[in-house]
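Number of protein chains: 2
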Amino acid sequence: MINRLIEKIQKTGAPIVVGLDPMLSYVPEHVQKAAFEEYGETLRGAAEAIWQFNKEIVDHTFDLIPAVKPQIAMYEQFGVKGLEAYKKTVDYCKSRGLVVIGDVKRGDIGSTSAAYAAGHLGKVQVGSRVYAGFDEDFATVNPYLGSDGVNPFIEVCKEEKKGLFILVKTSNPSSGEFQDRLVDGRPLYELVGEKVAEWGEAHCGDTYSYIGAVVGATYPEQGKTLRKVMPKSFILVPGYGAQGGKGKDLVHFFNEDGLGAIVNSSRGIIAAYKQEAYAKYGEAHFAEASRAAVEDMIVDIRGALEAEL
Amino acid sequence: MINRLIEKIQKTGAPIVVGLDPMLSYVPEHVQKAAFEEYGETLRGAAEAIWQFNKEIVDHTFDLIPAVKPQIAMYEQFGVKGLEAYKKTVDYCKSRGLVVIGDVKRGDIGSTSAAYAAGHLGKVQVGSRVYAGFDEDFATVNPYLGSDGVNPFIEVCKEEKKGLFILVKTSNPSSGEFQDRLVDGRPLYELVGEKVAEWGEAHCGDTYSYIGAVVGATYPEQGKTLRKVMPKSFILVPGYGAQGGKGKDLVHFFNEDGLGAIVNSSRGIIAAYKQEAYAKYGEAHFAEASRAAVEDMIVDIRGALEAEL
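As they're listed, the protein sequences go chains D and A. For the first sequence, the positions run 170 to 478 when my numbering is used. For the second sequence, the positions run 170 to 478 when my numbering is used.
Hints were generated in silico from the structure; no laboratory data involved. Please note that the accuracy of each hint is not assured.
Pairs count within a copy or across copies, as identical chains cannot be separated in the list.
Stated by the list, open to error - Once the Cα atoms are required to be at most 27 angstroms apart in a straight line, the calculated DSSO-like pairs of lysine-lysine come out as:
{"hint": "1", "residue 1": "LYS443", "residue 2": "LYS292"}
{"hint": "2", "residue 1": "LYS292", "residue 2": "LYS202"}
{"hint": "3", "residue 1": "LYS449", "residue 2": "LYS330"}
{"hint": "4", "residue 1": "LYS256", "residue 2": "LYS397"}
{"hint": "5", "residue 1": "LYS397", "residue 2": "LYS415"}
{"hint": "6", "residue 1": "LYS224", "residue 2": "LYS449"}
Since this is a predicted model, take the numbers as computed values, not measurements.
Can you build the whole structure from these sequences, using the hints too?
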């Protein structure tokens, strides 16, 4: 799957991923109204609204981008019905040829991690038959529990040719509270990065490993260091746009081959129509605003990379 | 909710929680068969099998115990249908008067953590109406992302009078890989424990805080230290039984009032009928075996506490 992600990045010339993190407040009035008319102001109605919203954005952007990253929390908040919308979104994006990174940040111990891995990336046995639960292409994983929490995910990736992005240095203001604490004079995130590199070495695609890392756009200096610590790992970079990251801050997340990173923007794309820059599209054409925001993001990041490399 | 948990522990005299972590391989043949006859060998059939299995165990143990801890991964592996069984289990346990600890180990940043918190402990707004998604009483939370990943959960707990158990020192063999790394001469888990104590101080029930911690039964020495670091926090202790922990190892997780900890056993209870000690019940009476295992666990822990305190 890492080979496929790279191929798609090269084909689109866009090392970016659109975060499908639909708050109900991002969904235009008319989309909500149509969903509520069909299913009422219910959890099912909310799920239908975010699914229709996603679908329209995907329809307007899928040819420009290699991948999407649905944030499962935004669906899980609507309970089981929300998770149905998540599953529909995953399947639809795959049918449109997109690589799907499930931003699930799961992580547990032994057989429990194995169950999460089976549910999101692998398969389960039911009697004599075999099924895939959510079936994303990549998943994000929390490393706090150590190797025996991560290994079951790696095992499933090996079998299914899928991949992981492991949280190393997250984009939020207080990520340093534990991640930056010095261990033998070096921040904890570097040790986690070294572990990712170690796992990655053992699990390589053609040029990059399928064990990647998450490093926030909001920490460009740390990104520069971690790029060197994990030379073969793709870095998934959240925090672009709405969280403050800009193209020029991100060049050091990439390797000299122009690869090695994929930058996520969520709100900046899916709620673009709410920004002044894209207001001309209006609520009715929210997905066209998203397309324009994707185009601008590609120009910003490609420009920064071309200036640097 | 922490007050209610304590009240239930005192009433039952059992500081224990039954982990409803149903692997399909734990579910007796006849239960699987009935479910597959109704829904086929499908994800729905698997979900029905684990739900029926849970229901029978709850029916045979609810009067002995204060709480259950369903591990959501075991449901999530069966996709959306599995999560329907999770929700049914949560609701049924609550209807039987049990406190439900959702072992979800979620954790993200800002608005994403807020969405998880809303989905598991709080409510979401849909148009003019308000709904609860999964509606557990407590949830487990991963602290790797720092305060701004945890605070949204605390906010919801304040509003809904619910609670958290934050991962401090997990029960698995490689938990030390990051959690034990020394920061200024002290292991990281102690710093996380201090944070839990700090959050807990600010959010107290009558005697204990509603911000608790997870510390594995497999690390009794660390439990002893953390007990002192977080005097007002309840400790959820996994790793009893199948993972190797025994009653006498656990006394230092408790305070002198005999409270402050709640010990989880999953496989040791729900798959008791597979153990030699309870084999006499047979597969047909698996839930009676679970009841016997609960009774033995209560005797073991109560005995150890009485010998010590």
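- Message: Of the numbered hints stated earlier in the document, which are not met by this structure?
- Response: Hints 3 and 4 contradicted; others consistent.
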